[in-house]
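Just need the whole structure built from these sequences, with the hints factored in.
Take any residue in the sequence shown, count from 1 to its spot, add 117: that is its number in the numbering used here.
You can take every hint at face value.
Derived Cβ-Cβ restraints for the label pairs, each shown as a range:
| no. | residue 1 | residue 2 | range |
| --- | --- | --- | --- |
| 1 | P287 | D185 | 27 to 35 Å |
| 2 | P190 | V327 | 44 to 52 Å |
| 3 | G138 | E417 | 24 to 32 Å |
| 4 | R169 | G344 | 46 to 54 Å |
| 5 | G391 | D265 | 20 to 28 Å |
Simulated from the structure, these hints should not be mistaken for laboratory data.
Remember, it's a predicted structure, so these values are computed and weren't measured experimentally.
Even for Gly, the Cβ is constructed at its ideal location relative to N, Cα and C.
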Amino acid sequence: MTLVEDPRTAPPIRWGILGAGYIAGSFAAAVRSATRAQLVAVGSRDRVKAERFATAHGIPTTHVGYQDLVEDPQVDAVYVATPHSQHREHALLAIAAGKHVLVEKAFTRNAAEAEEVFAAARAAGVFVMEAMWTRFLPHVAALHQVIDSGEVGEVVTVQADHGQHFAFDPTSRLYDPALAGGALLDLGVYPVSFAHDLLGVPDAVQASGVLTETGVDGQIGIVLSYGTRAQAVLTTTLWSKTPTTAAISGTEGSIVVEGSFYAPTSFRVQRRDGRTWEFSQPTPHGLQFEAAEVARRVAEGATESSRLTWSDTLAVMRTMDEVRAQVGVVYPGE
118 MTLVEDPRTA
128 PPIRWGILGA
138 GYIAGSFAAA
148 VRSATRAQLV
158 AVGSRDRVKA
168 ERFATAHGIP
178 TTHVGYQDLV
188 EDPQVDAVYV
198 ATPHSQHREH
208 ALLAIAAGKH
218 VLVEKAFTRN
228 AAEAEEVFAA
238 ARAAGVFVME
248 AMWTRFLPHV
258 AALHQVIDSG
268 EVGEVVTVQA
278 DHGQHFAFDP
288 TSRLYDPALA
298 GGALLDLGVY
308 PVSFAHDLLG
318 VPDAVQASGV
328 LTETGVDGQI
338 GIVLSYGTRA
348 QAVLTTTLWS
358 KTPTTAAISG
368 TEGSIVVEGS
378 FYAPTSFRVQ
388 RRDGRTWEFS
398 QPTPHGLQFE
408 AAEVARRVAE
418 GATESSRLTW
428 SDTLAVMRTM
438 DEVRAQVGVV
448 YPGE
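Next up, the structure:
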């Protein structure tokens, strides 16, 4: 079952990487090893960090600061990999320079900021997409095929969790309100986006959470309701490495997605009639699929992806806005 195009068949594109942290390194490694794209420049406010990153990933040009990066004529598309609190600013910077943009999840701090970024992209005629890599992975394409075929009947429950253990550190971006910290935007965005992908925009949102000493969310439980009986039951936490699995239950069977459900993985289908089967397609990295999507859509002259539209991202942001409102998390300046 091959449902996703090989990222190596995507047209070449020249990437500039804005930010030189952990996720930027993962993206660079995936692009370099599994696509035809070029990594042409990296920008960081820390010269030493930029130079180390460039050396590690074979990037020929380094920039101190971000303005020079987005204005670099070698760069076709900018990958924004800074903290959530800076996504709006840095996406707008790249758009103003006429660059296409891939923005790490969560796309921005809130839906209002996301709308501002999309309005700027629309006016500039450039491509912009949220870097929710899960939407482009082979097992997720296979999940859609299984569900759409009626294999498990009408979906009534989606369950997903994403928790990681982070010791309390008020200086860490995960615990810092000024950097839009907390479990939801960093980890919970995965199960929320997964539920949106499979069930759509919920009719109702219910959330209960516990805050950290710094006022960001340490743990949240979420129930999204759809129509007369479908629900998504989602959890996220900064305080435990959870199984990070997902389950999709329907009237004719169920699907268990192995952890980490949001990364390349396998799943098992168990039908009510007793038949079982498994999807497994080992895939290294994973971030190359979202990078390939950008390259393909840019080559077509599109400004958004049909697989993850601007409306899709806005819907996820609105759900997370409502979750934060219910648990009482407000970031400085909101």
